[in-house]
Amino acid sequence: MDARLNFIDPAEPPVSVPPPVVRLRGFVRSFGETTVLHGLDLDIRPGEFVALLGRSGSGKTTLLRTLAGLDAADGQDVRVPNSRAVVFQDARLLPWKKVWRNVALGLGGADIRDRAQAALREVGLGHRLDAWPLTLSGGEAQRVALARALVREPKLLLLDEPFAALDALTRLRMHDLVLDLWRAHQPAVLMVTHDVDEAIALADRVLVLDAGRIAAQERITIARGERGDLTQPLRHKLLDILGGTPASSGVIPFRQGGHL
Amino acid sequence: MVAPTGSSRSLLSRLGTSHWVSPLALLVLWEAASRIGLIPARTLAAPSTVAGTLFAMIVSGELPSNLLVSFQRVLLGLSIGITAGVVLALIAGLSRRGEAAVDPVMQIKRTIPTLALTPLFIVWFGIGELPKVALIAFASTFPVYLNLYSGIRSVDPRLIEGARSFGLSQAQLIRHVILPGAMPSLLVGLRYSLSIAILVLVVAEQINASAGLGYLINNARDFLRTDIIVVCLMVYAMLGLGADWLVRLIERRALVWRPSMVDA
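Chain order of the listed sequences is A and B.
Using this note's numbering, the first residue of the first sequence is number 1, and each one after it goes up by one.
Using this note's numbering, the first residue of the second sequence is number 1001, and each one after it goes up by one.
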């Protein structure tokens, strides 16, 4: 059953049909003297779940900010859908707005409370509509942030290490929730993470970003939930690419003698 | 098995730590010293005399009418001062060009104590109501300006960015993120402004007033009526307390989302 682990060569051209929702060609991003991203090519198909792995300083956050429209693309060849939403590592809820108003932030129309309520029900928080954000636990706040992203029915959902601050049990529950929501709403997802196991458990495709370049990408065709032991070689391979020994923790190690 | 003696002891110990005991003791001492002639009435009237004078002044309408005059001065001066402070802080806080235009002038002005401007204000505005109101307005502008301006500038940039990622316009960003985020700072400024306004009122009313608390005090001084002076001091204190209570009331309503408020 080795064919189920379908490793794709990074140089192979991406599938062109259906047209990608995200398309970057030769994208360069520099801050002063430092070039963070070097001529990046990236396509994300509609409904595709992509995980972006990389160490601190690999440029993954810069890439996410560009796709989120938070940094200007300066007339480069960048195509992203207009309907997109971000979930940050810190939920970034406005503490002075009740939960449902946070979800409805920036929405218009008479039925925004109903829409917010529907989205909050989907993440299991239909009963916390009128709660103040500062009374929520970390996991609840992150679920509100997911509801706030999904109420917009985005074509592209950007997740910036959304579970890094949560405890292990909550994180596993959030994985299931994200997969359920992804199946229900079918957005393309780009999830930035530094947890190799998380990337393997969730994504259709795992990209490894290193020093501003895509160092490797792997497509995973095994059904989620059956990936356990079958993905062991992939895990080792990804950790090797990331420059560490295959540690049991699954978290990206610092490169020996590397700089931060 | 708590014996009655235990509860009476706890009452005693509670009395020992009560915050009312020492002021009350002072009041009793003061009254006693006045009664036996240790404190002459022209130095300081006895508390009982002060209470009697207060009652008489309320009944005669002398105190309420003069209090109203003072109150109107503060209210008018504060309204102008707070409005000016908020407008200037919004201009300086929400745009770089506004900051360049407004902030340097405000920082320079901040170095001049407002009360030092009293002679100049008298030259400009005479000795009527105008210089009094102008002084209060002028003094109460700065706490509001400084706090709101720094409040706007220190709103968590991650919240702004998060809101921006959902496509909020600049106007929506100001309304939903920046202004509510700066609200706690504005209330701190408001609290300072109110207490400064009362302080300036006391000084401004020394300028040839023909009505108001300052007028009462000046008159009382001429007739060595220390009881009236003490009554007016008490009223000033009540004004300060009232201002504090007002701000706390506003805070409770405006900052319900804060953890300390949420827990309560």
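Rather than coming from a laboratory, the hints here were simulated on the basis of the structure.
One should not assume that every hint holds.
Claimed, not checked - Just so you have them, the derived chain B footprint on chain A, three or more residues with Cβ under 8 Å:
#: 1; region: 67–76
#: 2; region: 90–97
#: 3; region: 127–137
Glycine is no exception: its CB is placed at the ideal position from the N, C-alpha and C atoms.
Now the hints, each set against the structure:
Only residues whose C-beta sits within less than 8 Å of a C-beta in chain B count toward coverage, and the region 67–76 of chain A has 3 of them, enough to reach three; the restraint holds. For the region 90–97 of chain A, the proposed coverage by chain B is satisfied: 6 residues have a C-beta within less than 8 Å of a C-beta in that chain, meeting the threshold of three. For the region 127–137 of chain A, the stated coverage by chain B is satisfied: 4 residues place a CB nearer than 8 Å to a CB of that chain, which reaches the threshold of 3.
Hint compliance for this structure: every hint is met.
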